[in-house]
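**Student:** For this one, chain C is given, so just place chain Y on it according to the hints.
Keeping their order, the protein sequence lines are chains C and Y. Letter 56 of the first sequence, counting from 1, is numbered 56 in this note's numbering, and no numbers are missing. Letter 171 of the second sequence, counting from 1, is numbered 1171 in this note's numbering, and no numbers are missing.
If you are wondering where the hints come from, they were derived from the structure by calculation, not from laboratory data. Check each hint, because a few of them may be wrong.
To give an idea of the chain Y side of the interface with chain C (calculated C-beta under 10 Å), a few residues [as the list claims (entries may be wrong)]:
| id | residue |
| --- | --- |
| 1 | Ala1053 |
| 2 | Arg1080 |
| 3 | Gln1081 |
| 4 | Asp1085 |
| 5 | His1106 |
| 6 | Trp1107 |
| 7 | Arg1109 |
| 8 | Pro1110 |
| 9 | Gly1113 |
| 10 | Gly1117 |
Computed from a prediction, not measured in an experiment: that's the story for all the values here. Beta carbons: idealized from backbone N, C-alpha and C, even for Gly.
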Amino acid sequence: MTVQDLVDKLNLKVLSGADGIGGKIAGCHVSDLISDVVGNAKEGDAWITLQSHRNIVAAALLKKLSCIILVNGIEPSAQARSMSNNENIPILSTQSTTFETTGLIYNLLSDKL
Amino acid sequence: MREISLHIMDLMENSIRAKARTIKLTITESLTENIYKVSIEDDGVGMSADYVAHLFDPYTTTRSTRKIGLGLPLIKMNTRQAGGDTTVESQPGQGTTLSFWYAHNHWDRPPLGDMGGTMAMLAATNEDKRITYRHITEKGEYTFDTAEIKKALDNMSINNYDIIKYLKEMINENLSEIEAGE
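Isolated chain Y, as found in the complex:
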């Protein structure tokens, strides 16, 4: 995948398939620590230690039981090639925290991509979930929270073309204010 936002879309859909009710996404960019880190924390069904141990092996993952797609071995490879790594912590019934990171200054770190579009789409198609997205850069931070959006919309549905478009632009504008993804 060419952009980090596409990995995020894939991984958050895994959380949704794992019956998560809340999903917290955090992206931290730091030039001083030379890190570009993405964390996704969910309260879904979680995975056993044995399952987690085999997550990164593309040959033992079985479609019938897996809660994570084949994208994960690829993300691990990409992050390791770009000065980072990928980790998963999970317990059955406790949810899953997945983190992947890159060296900020590495040539092979992919661009962030369209986070506004990604988050607006996820929010609109999963209105029963609470999804938060916090993005921290050295210029500041921005938090998108579907609970706040729902309140502001007075429980009107997000799944509407004009609202999705508005959210996408709003998120991308807020991200450019803190120079996210630059």
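Bound-form chain C, shown alone:
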């Protein structure tokens, strides 16, 4: 599954980093602690979070994550947005909660995990 597929299936809004939308999603990591993502996320994971400052893009870049999904309609900071455009790491947005978003993605990925 690509980031684009996920955007279509979950009706996500692409806020920035649209050039990275063809990337493959290998799995998913759910966390609001950036050190936990740096320690435990795996390459290709889609990352569900409510953190919105620019460190999210740095962490995603370091761990080669496929995309960042912001829940509850949260908007990224201006710096996070411009870093995501520079690094081609898509930041996606949903009005749904972490619980709902995680459940939907789990169903989409569970046969592949």
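**Tutor:** Same frame as chain C, now just chain Y:
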């Protein structure tokens, strides 16, 4: 809270509730010492040793007597998770000094946030207080002092939309010159 400036706003309001007349905020960023430290010193009513001992326990803080909000246990947790800690020194009648710090390079250190907006707002809504804000980085330092602003404004009120906006921009420009919050 997502940004350090929101913690600062909360804590400085505590100083104001504790009847402080002067509040000194200092932020020190050092990459060589790997520290990002915030100190708030006030000359308010202060707290007893017994009170300070219970400050970080969210279950024993009582709303009727507390001078510090529930934000403090949370700040302590956040700073400890990010390679730092939070301390309070206080004596009745002598004021309070509160410090919290993070490891500069820690992933979970929150961003500084809009200090210009925070300071302009605090200055405008507390014109009877002297509030100073000193920010030190390895590029230099900047001091904002409401006493100087008052002098420059010739005792005109700060609590005016255009002046607040001007102060906010002025502070943020000075901070970006010393690369504060980067």
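**Student:** Each of the hints needs a verdict: does it hold here or not?
**Tutor:** Right, here's what the structure says about each hint:
no., hint, verdict
1, Ala1053, "violated (29 Å)"
2, Arg1080, "violated (12 Å)"
3, Gln1081, "holds (7 Å)"
4, Asp1085, "violated (16 Å)"
5, His1106, "holds (7 Å)"
6, Trp1107, "holds (4 Å)"
7, Arg1109, "holds (8 Å)"
8, Pro1110, "holds (7 Å)"
9, Gly1113, "holds (9 Å)"
10, Gly1117, "violated (14 Å)"
Hint violations for this structure: numbers 1, 2, 4, 10, all remaining hints satisfied.
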